[in-house]
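There are 2 protein chains.
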Amino acid sequence: MKVAWAGSRETLELSDRMAKLVANDPVFEKFTRPMLGRKELFKNTLRKAAHGWKLIVDLRLTEEEAKWLRLYIDEPAYTDLHWGMFIPAIEGQGTEEQKKKWLPLAQKMKIIGCYAQTELGHGSNVQGLETTATFDPQADEFVIHSPTLTSSKWWPGGLGKASTHALVYARLIVGGEFHGVHGFIVQLRSLEDHSPLPGITVGDIGLKFGNGAYNTMDNGVLRFDHVRIPRNQMLMRVSQVTKEGKYMQSDVPRQLIYGTMVYVRQTIVVDASKALSRAVCIATRYSAVRRQFGSRNGGPETQVIDYKTQQSRLFPLLASAYAFRFVGEWLKWLYMDVKQRLEANDFSTLPEAHACTAGLKSLTTTATADGIEECRKLCGGHGYLVSSGLPELFAVYIPACTYEGDNVVLLLQVARFIVKTVSELGYKQPVGTTAYMGRVATLMQNNCAVRTAEDWLNPGAIVEAFEARAARMAVACGRQLAKFENPEEGFAELASDLVEASVAHCQLIVVSKFIEKLQQDIPGKGVKQSLEILCYVYALFLLHKHQGDFLAVGYLTPKQALLANDQLRTLYSKVRPNAIALVDSFNYTDHYLGSILGRYDGNVYPKLYEAAWEDPLNDSDVADGFHQYVQPILKQKLHSAKL
Amino acid sequence: MKVAWAGSRETLELSDRMAKLVANDPVFEKFTRPMLGRKELFKNTLRKAAHGWKLIVDLRLTEEEAKWLRLYIDEPAYTDLHWGMFIPAIEGQGTEEQKKKWLPLAQKMKIIGCYAQTELGHGSNVQGLETTATFDPQADEFVIHSPTLTSSKWWPGGLGKASTHALVYARLIVGGEFHGVHGFIVQLRSLEDHSPLPGITVGDIGLKFGNGAYNTMDNGVLRFDHVRIPRNQMLMRVSQVTKEGKYMQSDVPRQLIYGTMVYVRQTIVVDASKALSRAVCIATRYSAVRRQFGSRNGGPETQVIDYKTQQSRLFPLLASAYAFRFVGEWLKWLYMDVKQRLEANDFSTLPEAHACTAGLKSLTTTATADGIEECRKLCGGHGYLVSSGLPELFAVYIPACTYEGDNVVLLLQVARFIVKTVSELGYKQPVGTTAYMGRVATLMQNNCAVRTAEDWLNPGAIVEAFEARAARMAVACGRQLAKFENPEEGFAELASDLVEASVAHCQLIVVSKFIEKLQQDIPGKGVKQSLEILCYVYALFLLHKHQGDFLAVGYLTPKQALLANDQLRTLYSKVRPNAIALVDSFNYTDHYLGSILGRYDGNVYPKLYEAAWEDPLNDSDVADGFHQYVQPILKQKLHSAKL
Ligand SMILES: Cc1cc2nc3c(=O)[nH]c(=O)nc-3n(C[C@H](O)[C@H](O)[C@H](O)COP(=O)(O)OP(=O)(O)OC[C@H]3O[C@@H](n4cnc5c(N)ncnc54)[C@H](O)[C@@H]3O)c2cc1C
Ligand SMILES: Cc1cc2nc3c(=O)[nH]c(=O)nc-3n(C[C@H](O)[C@H](O)[C@H](O)COP(=O)(O)OP(=O)(O)OC[C@H]3O[C@@H](n4cnc5c(N)ncnc54)[C@H](O)[C@@H]3O)c2cc1C
Ligand SMILES: [Ca+2]
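As given, the protein sequences belong to chains E and G, one line each in that order.
For the working numbering, add 1 to where a residue sits in the first sequence, where the first one is 1.
For the working numbering, add 1 to where a residue sits in the second sequence, where the first one is 1.
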């Protein structure tokens, strides 16, 4: 199963090597992180980033190895944005000349870059950005300026303290005319002493959710006071401004840049499966250690993992982790496919790929954020301790629901695509993940044929159910929309229902890809069988949770919904004996998990007890402040106390 | 509306006075809290607690005033447990003599007490506690001992550093025989110098979720090495141990102590409405400030509160805050009623009151925890900043889902009660919140009569729908259970479905109590109308969210479910113009809200910008650590750097 999770034996071995490299290196210690003040915390992150980079250079790690290394260091740092956004953006949006100039600098880290798009006043609406880049033909320069308070750049990771450069998105003004938002490479700090350059105001935006969590990252604020950059620092692969002040499109198709978006979102989906699987690993292991109630004749109590309520909360999350893992794998394929097509000037699948990745990003990150918190609750009181690892995992994870597209805004984009697909059914064959809509007539007509709980153990029956639900909800939305004179008004009014239809569509994708995965050859004794059980758990859990949809569209009868629920209960019993093995397959080190409750050896209580004494509050028997603020109360001398 | 929310004009005025007292006192400043290290943080809390107590004494505040004061100080402190658990437990479980001895000490704070029940190994299963209290008749003493690591007391608030005394729950052993778990007053620390007494090991259990949040509280660990206490420090109102070593029940009925539980849970429900309303207030105000997309001809963009998706996420939470407020008010009445009955030796309503409060505690705290996080997401990226107030509100609130009964364990208790009620229908008239089950035959038979969206604006139709759903789900569970030979096995196997039936029952209670509230006279222009809209929003939102239940039990047709959803959309438009007024009615000061996004004056952006510069990371232009860990990278001198 470890191989199935990793994707291949090579990846398993490679990632395992990197995991151990990190786990055995004292520089990467994480335990004290939540106790550090902001400055110490940040300094420590700088140290880890430098040490990590040193390892990459010294050990001549490949790009793939370096990625795993950074993952297992498990600490948001400016390098994430440098490697994950700054460099890819230049690769995607820069001309050959620009790439030749900037990429070597960035790749050797002679400069450090960040991705400065969001402003205080605008995040989702990128076209509303207020920073201006005005072309000055005399000087052959752009003047970058922050005309209002709300135009201050706000949020970019790595911007606050680390970056020397930023990829700044600004409204281009040429000859008094606006030409939309474009990217500009702007140097922010001196390469000599790192002080901000003239006209640049830059700093950190302050504390974020959690203790350590994302506070290791210097999300920044940035203002420009008429800062000048050479003309050739506008990324000009797609649009250009000539020396003479002419704005023009190059012959490179605009759509090319969407390829990057597909790529970034694919990585977010893969990360979702990582984060969720970590939480599930902790909660599963601890649920097997924790015993509560049910002792018979003085024997041991019941492991809480044996309670059906615990199973019905935990196992669907375990199944989801696997489901997201496989849909992430498939997205990698999709990205390659899109890339090849783009290179061959074939844009036909781009809208579908775009909607699909938007939807999957939204679906998987929302489910993961909720799932981590559910795992924390599954650990009872002890899950509330930072040493459980779950609070910090939650705090560091949740922005994934917001960045790279707010999850609701993304689902509305999916909805637009679905509505369009439905409206064009008459003359346009839907492709890829929407191909099923081509069979809409059948899907509207045929109802579920399940008669027994056993009948639900059938991939065909499951896919059809999810297809029918998604198709019928989409069609219902289409019909409702048709009642509005103004389609935009209709879309706004029905937005919430459209979002539900989008969710139905995205869940279908995940279920289908899980099932497709199982149609492949999967080596390893019993591996395929275990995955089949998880696949059914995932699908039937969703079906039960959303039975309102399936019943409302008339595809299922109440009886059939009940049978699905019965089958689900049986499936939980089948997961139970494999549960520990299934989370051990993630192959996470104790270092990466960072959780006393999730320790591989199960030695939870002694380690919790030990860890408690590390808190600074336990430095002395009598706490600092006692004599000033408690003693006077006890001695009834509060009136004369100095508070 | 302010009066309706507060409950009465007097309460409004009183609480307003206390809120302002706190807000205007610099000692109660909260802004820097998340930046403090653990020791400083805790010391500051001790200071606030002392200052608060001084105000209470100096200003001769009433108990009611003191409660509001502590609420608005808004910082978990040892005093919460001292006043909220230690004193009430002695009041409820102590003999007259014990009360006479201990209460004056506690009430003057000559001693500080905590409630030490939970252990490292046992929380939910109180009967499984391992700490022992062995009676030694020679010495007329109990010997309190921690025989195992897992018997260490773990979690009690105020225990770690502040408390001088603890109410310790331990298994009583008299003459070699076990007599279950009882409470004992144990002194932990010297009243002279606060050092732990011989045989006592005590400390703080370490960091919890969030920055400030609950880390202001010294949740503690405690071990006993054969610590001796006089016999009269066992709380003996209900059971006694005589000098001669005889264990006996007093003539005070056992059930009396359940009265306290009803009381504590009622306060938790009231607190849920406070926490949720704070989050909703922040998200609502910010949603009116935030504009994104939809600018026409260069005009201002759309306030995000005008997007239907935003409304469909936010307004049900606004309605829930009001719903929980009113069900909390009703629980106060219930508590008084139970108390009076208990005093008259009438225990008939106790099981129902117990199940009802257990269920409402679970329902309201779960919804509030999820609701706060949803409010954070509704604020987009800026909600992730600690200065939004939402991360810390979430972190400090969520343990309410776990303490005073894990929410799932509580729902299982409710399920037991429901199953019992159903099974006894033939010969026992159900009372109180289960009275509707007496009409089960009708509820099974009659289906919904709604024909238009308008028909849903009818309290009768709504209550009947929720009753039918709850009754049918309960009956279905009963039928499924009957198929098992061993009822306990059946209960275990169907636990997850039973929990769903419990939720249906509890939601019915909240909906009914909201509707009953509206049948009263509610003064104020338009107040009743506004509340009616919220009541419908609450009910129809639940109905839509759980339409699977309503459809599966066959009470609703898909068409009727759709009509409810249509009506819901219309209702959101009616809430919109009142939204700001509805959150202003909570009458929260900016101090209490503690949120830049939720500022009353809406001056969000300038204040966010200002606050950013307060972060310690901005103390210098070039961050601490730059020269050691970043400069060498940029200068390509990493090989010679000391990391
Ligand atoms: C930890 C973190 C790291 C980040 N890193 C970077 C970075 O490196 N570089 C960078 O440039 N940015 C970064 N960001 C910013 C991030 O990309 C934005 O926060 C994100 O795009 C969301 O935009 P917003 O904050 O404007 O949300 P808003 O759009 O203000 O959302 C507020 C609410 O309005 C709703 N809403 C908005 N528009 C609509 C609509 N049309 N219809 C219906 N509802 C709507 C949303 O659903 C949400 O509920 C980061 C953010 C975070 C939290
Ligand atoms: C912030 C905070 C403050 C606290 N303050 C105090 C205090 O002042 N004094 C004090 O004494 N205690 C205190 N506690 C402890 C608290 O009361 C317990 O944590 C709580 O009772 C839950 O018990 P547990 O931790 O043992 O959870 P567990 O029972 O271990 O729960 C773990 C999981 O098992 C499941 N589970 C357990 N039993 C069953 C069952 N029978 N059937 C199905 N599922 C089951 C639960 O649903 C949960 O998912 C505090 C806790 C916290 C977090
Ligand atoms: Ca901190």
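In case anyone wonders, no lab produced these hints; they're calculated from the structure.
Please note that the accuracy of each hint is not assured.
With a cut-off of at most 30 angstroms between alpha-carbon atoms, the simulated DSSO-like pairs for lysine-lysine come out as follows [claimed, not checked]:
no.: 1; chain 1: G; residue 1: Lys309; chain 2: G; residue 2: Lys378
no.: 2; chain 1: G; residue 1: Lys560; chain 2: E; residue 2: Lys546
no.: 3; chain 1: G; residue 1: Lys484; chain 2: E; residue 2: Lys309
no.: 4; chain 1: G; residue 1: Lys484; chain 2: E; residue 2: Lys111
no.: 5; chain 1: E; residue 1: Lys643; chain 2: G; residue 2: Lys109
no.: 6; chain 1: E; residue 1: Lys575; chain 2: E; residue 2: Lys560
no.: 7; chain 1: G; residue 1: Lys560; chain 2: E; residue 2: Lys638
no.: 8; chain 1: E; residue 1: Lys68; chain 2: E; residue 2: Lys101
no.: 9; chain 1: E; residue 1: Lys244; chain 2: E; residue 2: Lys101
no.: 10; chain 1: G; residue 1: Lys100; chain 2: G; residue 2: Lys55
no.: 11; chain 1: E; residue 1: Lys421; chain 2: E; residue 2: Lys3
no.: 12; chain 1: E; residue 1: Lys68; chain 2: G; residue 2: Lys638
no.: 13; chain 1: E; residue 1: Lys40; chain 2: G; residue 2: Lys643
no.: 14; chain 1: E; residue 1: Lys643; chain 2: G; residue 2: Lys44
no.: 15; chain 1: G; residue 1: Lys546; chain 2: E; residue 2: Lys421
A quick look at each hint next to the structure:
| no. | hint | result |
| --- | --- | --- |
| 1 | Lys309(G) with Lys378(G) | holds (15 angstroms) |
| 2 | Lys560(G) with Lys546(E) | holds (20 angstroms) |
| 3 | Lys484(G) with Lys309(E) | holds (18 angstroms) |
| 4 | Lys484(G) with Lys111(E) | violated (72 angstroms) |
| 5 | Lys643(E) with Lys109(G) | holds (19 angstroms) |
| 6 | Lys575(E) with Lys560(E) | holds (23 angstroms) |
| 7 | Lys560(G) with Lys638(E) | violated (71 angstroms) |
| 8 | Lys68(E) with Lys101(E) | holds (23 angstroms) |
| 9 | Lys244(E) with Lys101(E) | holds (20 angstroms) |
| 10 | Lys100(G) with Lys55(G) | holds (24 angstroms) |
| 11 | Lys421(E) with Lys3(E) | violated (41 angstroms) |
| 12 | Lys68(E) with Lys638(G) | holds (22 angstroms) |
| 13 | Lys40(E) with Lys643(G) | holds (19 angstroms) |
| 14 | Lys643(E) with Lys44(G) | holds (14 angstroms) |
| 15 | Lys546(G) with Lys421(E) | holds (27 angstroms) |
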